[in-house]
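Generate the whole structure from the sequences, applying the supplied hints.
Residue numbers (the numbering used here), protein chains in the order written: chain A, 1 to 115; chain B, 1 to 208.
Everything labelled a hint here was simulated from the structure, so no lab data went into it.
Computed from a predicted model, the values in this text were never measured in an experiment.
We put the beta carbon where it would ideally sit given N, CA and C, even for glycine.
Do not rely on the hints blindly, as some may be mistaken.
Taking CB as the label site, the calculated pair distances span [to be verified]: (1) E18/A to C182/B: 27 to 33 Å; (2) S183/B to L62/A: 31 to 37 Å; (3) T23/A to V101/B: 45 to 51 Å.
Chain A is nowhere near these chain B residues, computed Cβ spacing over 12 Å in every case [to be verified]: (4) D33; (5) F44; (6) A57; (7) S77; (8) R86; (9) R97; (10) V101; (11) D103; (12) R166; (13) R174; (14) G181; (15) S183.
Residues per chain, in single letters:
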Amino acid sequence: MTKIPVTEFTDDLKSLEENTQATDVFRLARSRKTALKQESPSYSGIKWLTAGAFSTILAFSLMVPFDTDSLSTDNSIDKALHAQSDTDESVEELYEEDFYYWFDIYQTELLVSND
Amino acid sequence: MSLAYIKVDQNISLAEDNQSGVGVVSIEYNNIDQFLKHIEKRAFHMARLSTRSLEDAHDIVQESMYKLVQKYTDKDSSAWKPLFYRILNSKITDYYRRNAVKDRLFPWKKSDIEDANDYGDSILDQGIARLSEEPDAVMLRQQRISKLASHIQALPRRQKQAFMLRTWEGLSTRETAKAMGCSEGSVKTHYSRAMIRLRSMLEDDYND
Numbered sequence: 001m002t003k004i005p006v007t008e009f010t011d012d013l014k015s016l017e018e019n020t021q022a023t024d025v026f027r028l029a030r031s032r033k034t035a036l037k038q039e040s041p042s043y044s045g046i047k048w049l050t051a052g053a054f055s056t057i058l059a060f061s062l063m064v065p066f067d068t069d070s071l072s073t074d075n076s077i078d079k080a081l082h083a084q085s086d087t088d089e090s091v092e093e094l095y096e097e098d099f100y101y102w103f104d105i106y107q108t109e110l111l112v113s114n115d
Numbered sequence: 001m002s003l004a005y006i007k008v009d010q011n012i013s014l015a016e017d018n019q020s021g022v023g024v025v026s027i028e029y030n031n032i033d034q035f036l037k038h039i040e041k042r043a044f045h046m047a048r049l050s051t052r053s054l055e056d057a058h059d060i061v062q063e064s065m066y067k068l069v070q071k072y073t074d075k076d077s078s079a080w081k082p083l084f085y086r087i088l089n090s091k092i093t094d095y096y097r098r099n100a101v102k103d104r105l106f107p108w109k110k111s112d113i114e115d116a117n118d119y120g121d122s123i124l125d126q127g128i129a130r131l132s133e134e135p136d137a138v139m140l141r142q143q144r145i146s147k148l149a150s151h152i153q154a155l156p157r158r159q160k161q162a163f164m165l166r167t168w169e170g171l172s173t174r175e176t177a178k179a180m181g182c183s184e185g186s187v188k189t190h191y192s193r194a195m196i197r198l199r200s201m202l203e204d205d206y207n208d
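In structure tokens form, the structure reads like this:
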């Protein structure tokens, strides 16, 4: 067996290196600049991680039962309406008292006149 | 590319590796940017041959560059090369471990790896040619390089690392041992086995 010289392998590997595709050369230059600036490296799979994390949060939020009663609404309009309804009730009670007072007098006068 | 100077280290590197026939040239770099520009393509191809994935190869090279600049800019420029390849090999090892766990957890989902033929085909598509080379010689050389790449991909991991660092990068046995995190004896063993295997597989292609 004829021994293949190491230099033959080296030459061919160097050819491979010299003929790196332009897109790869561009990406390597960008990686080098990122490394020199010490910016966070971007990964080709980071968007999948983000999508996965988002999907997990969404799925979890849909699985947990949503209790509307426990919600506390700090609605000033609701409070005002509630206060108003209280006021209306008290006004109604007042009117009823007047009515029964008048009714009581009316009945007493009737009784007196019948006597 | 402007360099401070090119120095052939005859005292240590060449004397040590004379038997294997590997010529070692040590290059001094003015700054880390020059160094990264010099080795980025080689590192990319090494990562691609190791991972069989274009995207993962880019990610690994980017991470390795980032870590080297982050941690070792202050070191002597002669230390950058073995340090960089140490980081690169660690990242490749991490890649293998992650894939092994992923394949175990999701056996129905195969990792997105390119076939050895895919890389070989991409080399053929690149049209590697030299000036004044005949078309049939170009074709033969492309096919030979494609086969070489395929067989390197098929080597066991440690043999692959030793072969690429010694033959392609031109590191000495000592520097290769530092980069691989093993002894010089181990490097010699891995390298020797890789050479025997490649020579037997590619004998016909290189002896035309």
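Review point. What hints, given by number in increasing order, does this structure fail?
Key: 2, 3, 4, 5, 6, 12
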